[in-house]
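Using the sequences plus the hints, can you model the full thing?
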Amino acid sequence: MPNMSPKKNPMPSQEPDVRNKNFREVALGYTEEQALNEASRCLNCKNRPCTQGCPVSIAIPDFIKETAEGNFEKAYEIISRSSSLPAVCGRVCPQESQCEKYCVRGIKGEPVGIGRLERFVADRHNAAGSAKTVMPEKNGHKVAVIGSGPSGLACAGDLAKKGYDVTVFEALHTAGGVLVYGIPEFRLPKAIVAKEVEGLKDLGVKIETNVVIGKTLTVDELIEDGFEAVFIGSGAGLPNFMNIPGEGFNGVYSANEFLTRINLMKAYKDDSETPVMKAEKVAVVGGGNVAMDAARCAKRLGAKEVYIIYRRSEEELPARKEEVEHAKEEGIIFRLLTNPVAIISEDGKSVSGIRCVEMELGQPDASGRRRPIEKNGSEFEISLDCVIMAIGTSPNPLIKSTTEGLETTEKGGIVVDENGKTTREGVYAGGDAVTGAATVILAMGAGKKAAASIDRQLSGKSE
Amino acid sequence: MNRIILKQKLNPTVTLFTFEAPLIAKKAEPGQFVILRPKNDSERIPLTIADFDRNAGTVTVIVQIVGATTAELNEIPEGGFICDVAGPLGRPTETEGLKKVAVIGGGVGCAIAYPVAKKLTNLGTSVDFIVGFRNRELVFLENEFRAASENLIIMTDDGSYGEKGLVTDALKKLIDSGAEYDEVIAIGPLIMMKFVCKLTEQYGIKTIVSMNPIMIDGTGMCGGCRLSVGGKMKFACVDGPDFDGHEVDFDEAMRRNTMYKEFEREKACRLLNVK
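Protein chains in written order, with the working numbering: chain E, 2 to 464; chain B, 16 to 290.
Worth double-checking, as some hints may not be accurate.
Over the 10 Å line for every Cβ pair with chain B, so calculated as not near, a few chain E residues [as the list claims (entries may be wrong)]: (1) 46; (2) 47; (3) 353; (4) 361; (5) 371; (6) 408; (7) 456.
Label-pair distances were calculated between CB atoms; the ranges are [what the hints assert, rightly or not]: (8) 196/E / 172/B: 32 to 38 Å; (9) 69/B / 16/E: 56 to 62 Å; (10) 348/E / 191/B: 36 to 42 Å; (11) 106/B / 202/E: 31 to 37 Å; (12) 222/E / 172/B: 44 to 50 Å; (13) 191/B / 221/E: 48 to 54 Å; (14) 326/E / 204/B: 47 to 53 Å; (15) 202/E / 69/B: 29 to 35 Å; (16) 106/B / 437/E: 42 to 48 Å.
The hints are simulated quantities; they were obtained by calculation from the structure and are not laboratory data. For clarity, every value in this text was computed on a predicted model and none was experimentally measured. Glycine included, C-beta positions come from ideal geometry on N, C-alpha and C.
Printed below as a string of structure tokens:
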């Protein structure tokens, strides 16, 4: 008999007023008892609607069934058949718009906490210190993966399991891509990412850091070097700015820079060698996960007032619901339906404020969201000493400009077909480099799809 | 990990490091830079490539030991290893099709101007190489500079070596005495590049400057290195580091470079053990 409680087991978390002063993980994870209880809320429906919401089609009811019966390792096996990074996805997936959106229990109450259960199962597995991975037998094919973010890691993992000789090239000094430079420690501890990367190395994946493809080596040189297929998972690129006056003043950051200083370069630690501005009053422009991350980091660095400035309403906020809730609990001030028009500096050097206008929502635009329209005469100013722009990125030109025959869209994303194949023979791509800024799970899904496609191509070759 | 095969002190604050980096050496061109992290917990700093040897697989940087990270680099002995080096980054300096060029270097910037002068000279361009230092004690690589140019002019602030005066004085004199430059290439402190540009603007001579803003990844991800060039936002790491000097907003660049001055001063004091 399933547990008919209409509510999810709440996630044990650090208290908002405690956690907004430290960088330790916010959500602490279910206990075994909570996990068993939550898993028993699953009805194990015949038509499995949750599965259709999962970009990598995890057999969700099956893993939950095993969890409910206490077979946690079995549950982990089921998840890892479809997902390369369960401990990561359990933490950062937007479950409310994916699996949990379709959960039948969500019709008359809260859906089953699928993400929380995934995290529990993955953490349990990692804590148990799994048996030594058996190195798969090599099939003699060499594949290069560009970028060690979610799409690259997923692609490399799937290929390595099939016996491919995989080398991952990473431009930065640490593997993990956005999982290490972008997503903060309090949402995704770096030890978890490091563990996933170690897991890949155990499968025989080689990781070459400090290699910038498009500069140190080109895609063509990789192919000349004997790589039979190349997967481009180089991620999103140059940060966007608004092109409003004042973006050159000191105290204006892109979210990428602010987060990279804090996460990759560890500026949140007192003894860090990397400086980051410790501002009193901070505004983050944007409404996505990156904006929430930046705002919550600023708060943790000691800012007294932190604003999220977003031009649409709460309903359109693209961030994960849980991140918005967490941000609010932590004291982030939301100025919705507000759009900056200029950054102000009293001394002509550093930021002293931001001038904004109020917006209202008009007719839906091409994206289907109601277009924000400026309210006449609504200008106002907020006094600040730091502004962080979190309004997306434009594709990085390095690989495109050095790879002939690689077609890109008008916006600069790499063109791929339904199998992740680019317009260049033997070259595949996925993740933000194709779609523009999206989610970890979509990137992972794209990496897996490309891996399957590469395998079909190369295994056919050897026959 | 990249092994330092030559470490040579060029003056009291400037040191040359040649290290193994075969992939970078294979691709490097004058004007490009590397991002380097001396130790596992160091900052990432951009350093312009001063020289490279494709056969030996080595890259040379010439570094002014001014802050904490350069001090950490300086702690590594010859034979020791630099933790991380990535590159070559940025676009190479354009050197094709120039008949006569004035290459101007200021202080440690001379080291960066040197490979540009060398390449131009090898291409058959007539190069007047103007180098500026504060005093005689700071002058380095004079023989190399001479070999890389048709005409080397050394300027010192105090007149203790070469001629007394600023690099702009020397440039003005050359132009006024009839030198017809296709281009001026200026590499050095922002204030020097600004004044070179002011001068050449009067004469209508195209001027290229090499910008060295604060940078983290160096690959077009962080946006920290943004500059205003011709009223548009540019990223030094992927669009530069060379820009048309007459279009660069130097005042903004100078302001942005002071962003972490306090932090760096504290850190450097801690590291260099001074108050």
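Practice item. Mind listing which of the numbered hints don't hold for this structure, in increasing order? Key: Hints 8 and 16 not satisfied by this model.
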